[in-house]
Structures are given as C-alpha cells and as structure tokens.
Amino acid sequence: MHDLVAITALGGTDPHVDTVGGVTCTEVPGVALASVAARMGQEDNTATSLAKLIDAPTPDIGRWAGTTISAFWAGPDQWMIEAPFDTHEALAEQVKTAMGDAASVTEQTDGWTRFDLNGDHIPAVLELLCQLDLRKLDPGSAARCSIHHIGCFVLCRTPESFSFYGPRSSAGSLHHALLTAMRSAL
Amino acid sequence: MTQTNRLNGGQIDRNTSLSFKFDGRSYTAHPGDTLASALLANDVRLIGRSFKYHRPRGLLTAGSEEPNGMVELRTGALKEPNTRATTIEMFDGLEAKSQNRWPSLKFDALAVNDMFSNFLSAGFYYKTFMWPAAFWEKLYEPMIRRAAGLGALSQEADPDEYDKGFRHCDLLIIGAGPAGLMAALTAGRAGVDVILADEDFTLGGRLNSETFALGDHSASDWAAQAVAELSSLPNVRLMPRTTVIGAFDHGIYGAVERTGDHLASVPAGKPRQILWRIYTQKALLCAGATERPIAFENNDRPGIMMASALRTYANRFAATASQRVAIFTNNDDGHRTAADLHAKGVTITAVVDVREDAPTCYDYEVLKGAQVIDTKGRHGLTFVEVALADGSTRTLESGALGVSGGWNPNVHMTCHQRGRPVWDDALAAFVPGENLPVGLSVAGAANGVMSTHGALQSGAEGAANALELTGVLPDLPEAEDAPVSQTPFWYVQGCKRAWVDQQNDVTVKDVKLSYQEGFRSVEHLKRYTTLGMATDQGKTSNITGLAIMAEVAGKSIPEVGTTIFRPPYTPVPIGTFAGRMKGQEFHPTRLTPSHYWAKERGAVFVEVGNWLRAQWFPLPGETHWRQSVDREVRQTRASVGVCDCTTLGKIDVQGTDAAEFLNRIYANGFAKLAVGKTRYGLMLREDGMVMDDGTAARMAEDHFVVTTTTANAVSVYRHMEFARQCLYPDMDVQLISTTEAWAQYAVAGPNSRKLLQKILDPEFDLSNDAFPFMACGNVTVCGGLRARLFRISFSGELAYEIAVPSRYGDALMRRLMAEGEEFDVTPYGTEALGVMRVEKGHAAGSELNGTTTALNLGLGKMVSKKKDSIGSVLSERKALVEPDVLRLVGIKPLQPEDKVTAGGHLMNSEGPVDAAHDQGYVTSAVYSPILNSNIGLGLVKNGAERLGETMRLVSPLTDLTVEVELVSAHFVDPEGERLRA
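Chains A and B supply the protein sequences, listed in that same order. Under the working numbering, residue 186 is the last one in the first sequence; the count climbs by one each step, no gaps. Under the working numbering, residue 981 is the last one in the second sequence; the count climbs by one each step, no gaps.
It should be emphasised that the hints constitute simulated quantities derived from the structure, not laboratory data. Keep in mind it's a predicted model, so treat the numbers as computed, not measured. Some clues are possibly wrong.
Stated by the list, open to error - If you only want the chain A side, here are some residues facing chain B, beta carbon under 10 Å, derived: (1) Asp-3; (2) Ala-6; (3) Val-17; (4) Gln-42; (5) Ala-103; (6) Gly-111; (7) Leu-129; (8) Ile-150; (9) Arg-157; (10) Gly-166; (11) Ala-171; (12) Gly-172.
The beta-carbon is built from N, C-alpha and C at its ideal position, and this holds for glycine as well.
Turn these sequences into a full structure, and let the hints steer you where they fit.
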C-alpha cells in the first residue's frame with residue numbers, strides 16, 4: 001500500500017460541505033471513474049457487457065443506470081462508469097476486463113471533480129447555472145452542459161439529489177458557481 | 001409635505017407611507033407608486049433638463065417609453081443615471097437627482113444653449129467645429145459632451161450582483177395586458193408550460209389604467225383575478241418586473257428580471273437583476289401599443305404629457321399633474337382621459353380636438369376643429385393657446401395638457417430578426433409584417449387590434465393557434481369594443497419649435513432640414529438628427545419623424561420606411577450582461593495538482609489560458625525575479641529540478657487503428673513506434689503550417705498517450721476528433737482527454753534518475769539500458785501507487801516526466817522535494833522552463849506562431865515523404881520551400897549584457913534599416929545564467945546557412961540597435977549527450 005495522501009479537488013483532506021437555504025453542496029472525492037468507448041463494430045457487444053457490469057440496462061442517450069457500479073451516457077457509444085473509490089480504485093482495470101477487446105477504457109477518476117446537491121428547490125439553483133430543460137430532467141437523467149463556461153455533466157439521482165461532474169482543475173470555479181447560485185436562488 | 005395632487009382611488013396602499021428624496025428634498029409616497037407618480041402627486045412637474053438645449057422637462061409618459069423623465073437613482077457607487085422615473089417602483093428611502101443641469105434644476109446655466117438654438121440645429125457640430133481639425137478630439141468634442149448629454153456615471157465599480165439564468169416553456173407570452181392575460185389563461189388552462197413576462201410590477205397592462213368594466217368587474221379587478229388564477233396553475237410561471245428585451249435565433253428570447261430594483265438594498269448574495277435566456281417553441285407578443293404625440297409649438301413644457309399617461313396616473317396611481325387639465329387630441333381616446341379625470345374631480349379646461357366632428361361631452365367644453373398653437377410657463381405649463389375652428393384664438397389656463405395623436409402598435413420584437421413592419425392605413429400606423437421570428441406570433445394592440453374585446457379575443461386565439469389547441473376557447477368577459485380608426489395628425493403647421501424627439505431635442509424643423517440637406521434615407525435621418533437614438537430609441541418619436549420626412553419628400557410613410565429595431569427593447573445595465581462573469585470569475589480558473597503546495601512555497605503565479613502556473617519560486621533574500629529564475633536554472637542543470645507540467649494536454653488514443661491514425665495526424669512516422677517508446681511528433685495544419693508539437697507514447701499496441709502544448713490542448717483534441725469523425729470515419733480509434741486526470745511532473749537534471757529511483761518501487765530499473773531516452777511505461781511509486789513514467793526532456797537535461805492520479809499530485813510533489821533534499825532539488829517555474837528550452841533550442845509557442853513551417857523550424861526532415869499525413873502536401877508549396885525561407889537560429893549579442901528583444905527585427909550589418917531589407921525577427925529572448933549572456937531564438941532568411949554572421953538586431957519602437965551573432969539554436973549540449981546520459 002502506498003503512503004501518499006490524497007487531497008480533494010478543492011485542496012482539502014476532507015470533502016468540503018456547504019449548506020445554504022436547506023440545500024447542501026458536498027464535494028464527493030470518493031468516486032472512481034472510467035470511460036468506455038465502443039470499438040468499431042463492437043457497439044452491441046459493448047452495450048451487452050456494460051449492462052452486465054452495471055447490472056442494469058445500458059443507459060440510453062441522456063440517462064444513467066446501475067447500482068454500485070453505474071454508468072452514464074457521455075456520447076455516441078460512450079459511457080462514463082462510476083463506482084465507490086474505496087472499493088474500486090482500480091475501476092479502469094475492472095471495466096477493461098469486463099469489456100475485453102470490445103471497447104476502449106480509460107481511467108478518468110481524477111479527471112473530474114464531483115459535487116452533490118441535496119435538498120429542496122434544486123431546480124431554482126440549476127436554472128441559474130445551466131441551459132438544461134429542467135422539465136425533462138428526471139431521476140435517471142444525465143446531461144452534458146456548460147456551467148459558467150465549465151463543461152459539466154449533471155445527473156439527477158432523485159428530485160432532491162443531483163450530482164455535478166466538472167473538470168478537476170476547475171473545481172474551485174465550479175464550486176464557486178454552485179454556491180453563488182445557491183445563495184442567489186435559495 | 002402633503003401630496004397636493006393626490007386623487008382618490010387608485011392601486012396604492014394609502015395605509016403605508018414611504019419617504020423619498022428628489023434633488024435633496026423629502027417627499028412622501030405610497031407602496032404602488034412609481035417615482036413619477038409620486039412626484040406628480042407631490043406637485044413636482046419639473047424633473048430634468050433636455051439633452052441639447054437644457055430646456056426644462058417633465059414626464060411625457062407613464063411607462064418604459066419615457067424619453068424625458070430620467071433621473072440619477074441612488075447614490076455613491078450604486079448611482080444609476082438615465083433611470084426612467086416612470087419605471088422606478090417606489091421604496092422607502094429612495095433618493096433621486098435630476099440630471100444634465102448646473103448648478104440646479106430650476107436655474108441651469110447651460111439653458112443659455114436654448115438662446116442659440118439657431119446655431120445648434122441638426123448636424124450643427126458637423127458644420128460648426130470644422131477647423132482646426134486637431135481641435136475636434138481635444139477641445140470641441142469634450143466640450144460638446146460636457147454640455148450635452150444625460151446623467152453622469154458614478155465612475156465606481158458597480159457593487160451589485162447580477163445573475164444569468166435559463167428557462168424553458170412551451171409558450172412565452174410577452175406582455176400581460178388583456179391580450180397577454182387571456183392568452184395565458186387559454187394556454188395555462190390547457191396545461192401547457194407558459195411563461196408570462198411583463199415589465200411592470202403589477203400585471204394587467206392598460207387594464208390597470210382604465211375605468212371600464214370587463215364583465216362584472218372593473219378592468220383592474222378582472223386583471224387581478226386572472227393573475228390569481230394563473231398563479232395557482234403549476235404549469236404557468238409569472239414573471240413580473242421582467243422585460244423581454246429581444247427575440248434571438250432558435251426560439252431564444254432574452255429577458256431581464258429586476259429582482260432587486262424595487263428594494264432599498266439588495267440582500268447579500270442576491271442579484272439585482274437576472275438576465276434570463278428563455279427557450280421556447282412558440283412565443284406570443286402581446287406588447288400593446290404606445291400612444292403617439294402631436295408636435296406643436298413649445299410642446300415640451302413640464303405638464304404636457306401623453307393623454308393616456310395622465311389617465312394612468314389618475315386611475316392607477318391616484319395622481320394628477322395638475323388640478324386644471326386640457327386635452328389635445330385627434331381621436332376618441334383623448335376624450336376618455338378627459339372623462340376619467342373629470343370623474344376624479346380634476347377640472348378639464350377644454351378638450352381640443354382637431355376633428356370637426358369630434359364627440360361632445362356636456363360636462364366640459366370640447367373645442368372641435370381646434371389646434372394647440374403654443375404654450376406658456378417657464379418651469380411648467382401655465383397656459384395653452386388654442387386656434388379655434390373659426391380662426392380666433394383662446395387661452396386655456398392649465399397646469400397639464402394631455403396629448404393624444406393615436407396609438408402605435410409595439411412591433412419592435414417582430415423586427416429583431418430583420419422583419420419589417422407594414423403600414424396599416426386604417427390605423428395610420430405600422431403593424432407587424434409577415435416575416436416574423438420563427439415561432440413568434442402577435443396578438444392584441446401590438447397586432448393593431450385596438451379594442452379591449454379585440455385584445456382579449458386575439459390573445460385567446462393567438463395562444464390557441466400557436467399551440468394548435470383544439471376545443472372551445474375560454475369565455476371572454478364582456479368588454480368595450482369600440483371601433484378604432486385613426487386619422488393621422490402629426491404636427492401643427494406653422495410652428496417654429498415643435499419637438500418630435502424630446503430625448504434628443506429634435507424638432508420638426510430639424511427633420512425637414514435633414515431632408516433639405518440631402519439625408520434622404522431614414523437611416524441617415526436618424527444619424528444626422530439623432531432622432532430615435534439613446535435610451536428610449538424613439539418609441540414616442542419615430543413615427544412622427546417618418547411622417548414629416550414623408551411629407552417633405554412627397555412620399556407615403558411606408559415608402560419612407562422605418563429604421564430597424566434592434567434588441568434590447570429597453571436599456572439594460574452592462575452588469576446584467578456580465579452576470580457573474582467579472583473580476584476573478586471572468587473565466588474559470590484551472591489549478592494544477594501542485595497548486596496548494598506551490599502557494600505554500602510562495603510561488604509567483606502566471607495565467608496561462610485558464611491555468612494558473614507557478615512562474616518562479618522565490619527564496620528568502622531573493623528580491624528580483626531574475627535571481628530566482630537564474631537559480632532555478634542553475635540548480636536544475638547542476639543537479640535536479642522539478643516542474644509541474646500537468647497543463648500539457650494529454651489525449652488518450654486507443655483502438656486497433658490508433659497507430660495508423662497518429663501516422664496521419666503527425667507529419668512524422670508513428671506506425672512503427674515500439675510499445676514502451678515515446679516519439680516527438682509534429683502536427684501540421686491542412687495548409688502545411690505547423691499546428692502543434694508534442695509527444696506520443698505507445699503504452700500498448702492499441703494505446704497511445706499523446707501530449708500537446710498547454711495552449712493547444714483543446715484545439716489539438718478538436719482537430720483530432722474532427723479527423724476521426726470526418727476524415728477517417730473508417731478507422732477504429734477512440735479519443736478522450738486525460739489532461740486533468742494525471743498530475744505530471746518533469747524531473748530534470750543530472751540527478752533526476754537518482755531522485756526518481758528513490759520514489760520508484762524497487763522492481764523498476766531506471767538504468768540507461770533498462771529505461772533509455774524516449775522510453776515510457778507504467779510503473780508504481782511510493783509503495784504501489786500506479787504511475788506513468790516517460791523519459792523525455794524539454795530542458796535538454798537527463799529528464800523524466802512522472803505522472804500519478806491527480807489527487808496524489810500534491811503528496812508526490814512534497815515527496816519529491818523531501819527525497820530530493822540531498823540533491824539540492826529545486827522546484828522550477830515556467831520562466832526557468834522557458835530559459836532552459838531556449839538554451840536547448842526547442843521551439844515553443846513563440847515559434848509555433850501559425851505562420852511557420854517545419855522547414856522554418858529546422859524540422860523539415862520530420863515531414864515524412866513516405867506516407868500521407870495532414871498538411872504534408874501543402875507544406876511543399878513553392879513559396880514555402882524557397883532557399884531563402886526563414887530558418888530557426890540562435891541569436892547571441894556580441895556584448896553579453898546587450899539586450900535581445902523578442903519582436904525585434906534582424907538587419908544585415910550594413911545597409912538600410914527598413915522593411916524592405918528585413919532579414920527576420922526574434923521570436924524568444926531570455927537571459928541564460930549558464931552562458932552568462934542574453935540569448936534568443938529567431939527566424940532568419942536562409943538562417944541555417946548564415947551561422948557566424950553578425951547582424952543588427954533593431955527595435956525602432958524602443959530605439960534599440962544591438963550587434964548580434966547568428967549561432968546554432970542549440971546553445972546547450974548540441975549533441976544531446978546529457979539527455980541520453
């Protein structure tokens with residue numbers, strides 16, 4: 001076991017938590033990510049293997065699905081796989097094993113930072129942040145958007161719980177955007 | 001202070017009193033007032049001074065079309081000039097000041113301009129201030145600007161916050177008058193998602209200004225009930241205080257919501273305004289109509305207002321401009337004002353109607369076939385002179401005069417995508433044309449439907465048609481449905497100074513003069529006279545101007561045409577457009593994995609695109625950046641240095657065709673690169689110019705990691721993605737960025753191997769044989785952490801780049817520093833990085849400037865002739881391969897202390913110094929602590945053949961001439977022995 005201590009994207013040893021008006025914004029470093037892109041002609045095989053891996057139907061465009069290991073749609077025949085970091089730090093290897101030669105797999109764990117918003121009235125915050133049509137954002141939705149010029153994924157877990165993925169290097173700016181919108185809307 | 005002109009009734013809360021100040025004097029008002037209505041109630045008619053002549057001016061309207069009644073609202077940094085008193089919602093403690101006057105509103109010294117009005121007619125400054133030319137910018141223009149104008153800026157940063165937001169709906173209804181409310185009820189009851197936006201703080205539009213009934217209710221009660229029902233519908237979103245400012249492409253509308261303007265102070269963290277981007281398939285414009293004035297002699301005195309505005313002030317705000325009011329009209333609507341004011345106990349001195357067949361009312365006098373020919377009153381109207389039908393004149397003692405020249409549909413939004421309105425003869429007004437923004441339709445008065453019943457009906461039908469609703473439309477309340485016809489009457493003949501555009505002090509005479517002087521296009525009329533410019537954009541003046549132009553041109557108004565309407569519909573603070581993107585948040589900031597550590601070390605940071613990179617790391621006692629940078633270079637070249645190079649783009653390339661794909665992307669060969677090897681690669685644009693350089697490491701047969709320069713990380717990725725999808729769709733290649741995922745550090749210097757060996761797990765052999773120059777591979781460090789190791793060198797030293805997952809980057813940097821102590825390790829920043837790469841002669845951004853070829857950079861042989869790759873053919877263009885093309889060389893001054901300046905040009909040692917004799921230019925310049933000399937890289941004609949030649953480096957701008965010698969670009973270790981050590 002190596003002896004290097006990780007820091008979160010916001011630079012702390014512990015995740016950052018902020019609460020405004022009943023909504024909590026939590027930094028979530030405890031997630032491992034890997035990208036999956038089907039190889040040419042292997043689209044069906046990839047989808048099948050993916051469904052097996054996440055123990056759920058392969059998510060369609062704009063959707064996420066799964067349980068411990070889950071996947072969200074990231075592009076045509078491309079998905080991002082999520083799993084708890086503590087138990088799946090080697091997620092990319094596990095996914096590659098599951099996919100075999102059907103897909104290209106790349107570790108993305110630290111390419112991204114995740115913030116979860118939990119509470120009521122999150123749509124009021126969201127509408128100040130991104131151009132998504134919130135009427136269509138229901139549990140199971142996973143959408144790409146730009147938040148304050150930062151390319152992000154927004155996942156709706158439940159109407160009271162959303163996850164935001166943004167590039168790790170811009171974590172401070174994304175966090176600022178989220179908090180500013182929370183203070184403004186709530 | 002008593003509100004002497006406060007009437008009974010109205011939609012104000014008389015139980016609450018608010019105090020406010022205008023020009024330092026205190027007054028009282030009630031919730032529901034605007035600043036304008038409160039001023040009138042307090043018998044204040046004089047509000048400001050006019051733009052050019054500094055004439056006393058008051059309110060003209062009761063809405064956002066107001067040209068005159070502008071004030072500086074609030075104080076200090078919060079001061080906002082040119083705020084329309086008619087749209088300022090009253091709050092307790094409001095402070096406003098009149099503007100464009102000195103020293104006071106009542107005595108304005110610059111009113112002297114009015115006495116010289118003959119010299120200040122349209123275009124006067126084009127004619128008057130011609131000589132001497134140099135005086136224009138320095139003297140005349142500042143002088144004119146000081147004398148003319150509107151309010152003054154605070155010159156301080158705006159302390160307010162602004163948000164941007166995004167909303168979606170099925171139907172956006174713009175305007176909540178009778179048409180808008182009925183449309184919203186129709187669509188809302190049908191269950192579709194509706195946004196109803198209105199600029200007013202009370203929804204209802206003119207229903208709040210009228211006394212007639214809708215069914216069993218007063219108009220305002222009906223509006224309130226409709227709003228209450230709409231509020232109860234979950235699918236309807238009401239947006240009061242929201243101005244839809246423009247119709248943009250693809251069903252996008254801009255809207256400004258004033259969330260904080262009606263508050264004494266905006267709560268911390270809350271926005272003053274929100275700029276909404278509303279996405280909708282369908283929009284219904286129910287913007288109503290604007291009453292138009294009639295121009296006559298001295299028609300700009302305070303107290304002369306639009307008749308409909310007087311009615312609004314009386315009915316909605318329970319205020320009147322005076323207890324004695326006259327009306328001047330050419331249509332029945334003016335009579336409605338007289339009747340309403342009369343009913344409120346205001347004395348109607350007479351209704352002056354230009355029509356011989358004007359309707360009669362027995363409660364007050366109607367002067368048929370009469371015209372107002374002049375007015376009197378220094379700071380406010382006192383008398384109105386009327387020419388009667390029989391040719392005699394009458395003087396009416398009146399403190400206010402309501403003017404009604406008919407109504408113009410508010411077609412602005414229909415023209416935001418270059419649509420042109422069409423002329424309606426019956427209305428004598430422009431109505432929306434056929435060519436509307438996609439998805440937009442128009443209802444109510446905005447569409448020329450002028451009766452209340454018509455507005456309700458067209459609103460309901462407009463919503464139903466837009467949404468293709470089937471079934472029965474909602475029942476409409478009974479409402480007035482009087483036929484409306486408007487016979488134009490634009491101005492009273494024979495007047496000398498009759499104002500058309502009160503905001504810009506444009507008279508009837510100015511418009512005629514403009515035509516006479518050859519400005520025949522309506523667009524030229526606008527520029528020459530400034531008619532229709534500035535904050536009100538001519539909402540009350542444009543049509544009159546066009547009518548006068550048409551008359552003098554002998555054309556019809558539609559033949560003259562209109563100027564184009566552009567967004568925004570009403571003025572928007574610049575801060576609203578900026579939103580949160582200001583100051584430090586102007587763009588997202590990207591931090592490197594070692595950022596927090598670097599900050600602790602006192603690093604000086606530099607912005608590199610969105611990244612913040614450490615520029616150098618000063619040590620105690622170092623007072624000048626050069627001391628730090630020189631030390632970092634020396635320490636690295638003497639022992640070992642570490643630099644965070646995470647910012648370089650990293651692109652994961654996988655797939656069975658990955659190697660062949662890279663073979664086409666890069667100018668040099670990649671197909672045969674062995675697994676475990678890295679290669680320097682040169683990427684060309686289609687036109688043969690160098691696009692970017694970097695490395696590609698083959699991690700497996702079907703897996704490469706491509707690096708790019710920091711600056712081009714995104715553009716290279718986009719280029720590769722384009723090539724993958726569009727140029728080579730048959731290739732099995734997958735791309736994804738991993739720039740952020742890995743913290744990557746350059747470890748450079750003769751002791752780099754020793755340092756790295758200390759953190760690498762023991763099973764990995766770093767010896768030259770096991771891991772030679774350009775090797776790459778997966779390793780583990782610090783007891784099992786996965787890492788990637790590349791033996792590549794930008795500094796020219798024995799060097800590696802080590803990458804670990806970003807979350808461990810901070811810890812790895814600290815570990816490298818701790819383990820490197822015994823080697824006197826130093827972190828180095830981008831400055832030392834730059835010095836070392838210039839010393840080594842590596843091209844970077846300054847050389848890859850978009851105009852250079854591989855040949856220019858001394859890398860011509862890298863462009864493989866054995867294969868096809870992007871840009872290889874066009875790099876062979878004749879002009880790009882002439883013998884004397886620019887070539888990369890090193891530049892060394894004959895005197896080491898002489899400055900080498902990037903951007904300086906190189907001239908032969910003898911001969912003229914001019915562009916015709918230019919031999920090339922310096923791209924990069926640094927001080928080399930290794931060579932103890934300033935040095936540079938440059939591009940010189942046929943430079944490769946001219947090494948050893950002495951040239952002059954000149955910079956005429958900085959008056960620099962330095963003798964330099966052209967040398968090899970590789971100042972340090974030209975044979976590359978160190979990096980292979």
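For each hint, the structure was consulted:
1. Asp-3: Holds - the Cβ of A/Asp-3 comes within 10 Å of chain B, reaching about 5 Å at its closest.
2. Ala-6: Constraint on A/Ala-6 satisfied, holds at 4 Å.
3. Val-17: Violated, about 18 Å.
4. Gln-42: Because about 9 Å separates A/Gln-42 from the closest Cβ in chain B, which is inside the 10 Å limit, the hint holds.
5. Ala-103: At about 8 Å, which falls below the 10 Å cut-off, the nearest Cβ of chain B leaves the hint on A/Ala-103 intact, so it holds.
6. Gly-111: holds (4 Å)
7. Leu-129: holds (8 Å)
8. Ile-150: holds (5 Å)
9. Arg-157: violated (21 Å)
10. Gly-166: Hint on A/Gly-166: holds, closest Cβ of chain B at ~9 Å, below 10 Å.
11. Ala-171: Hint holds; A/Ala-171 Cβ to chain B Cβ min 8 Å, cut 10 Å.
12. Gly-172: Holds, because the Cβ-Cβ distance from A/Gly-172 to chain B comes to roughly 6 Å (cut-off 10 Å).
Figure legend: structure checked against the earlier numbered hints; hints not met, in rising order: 3 and 9.
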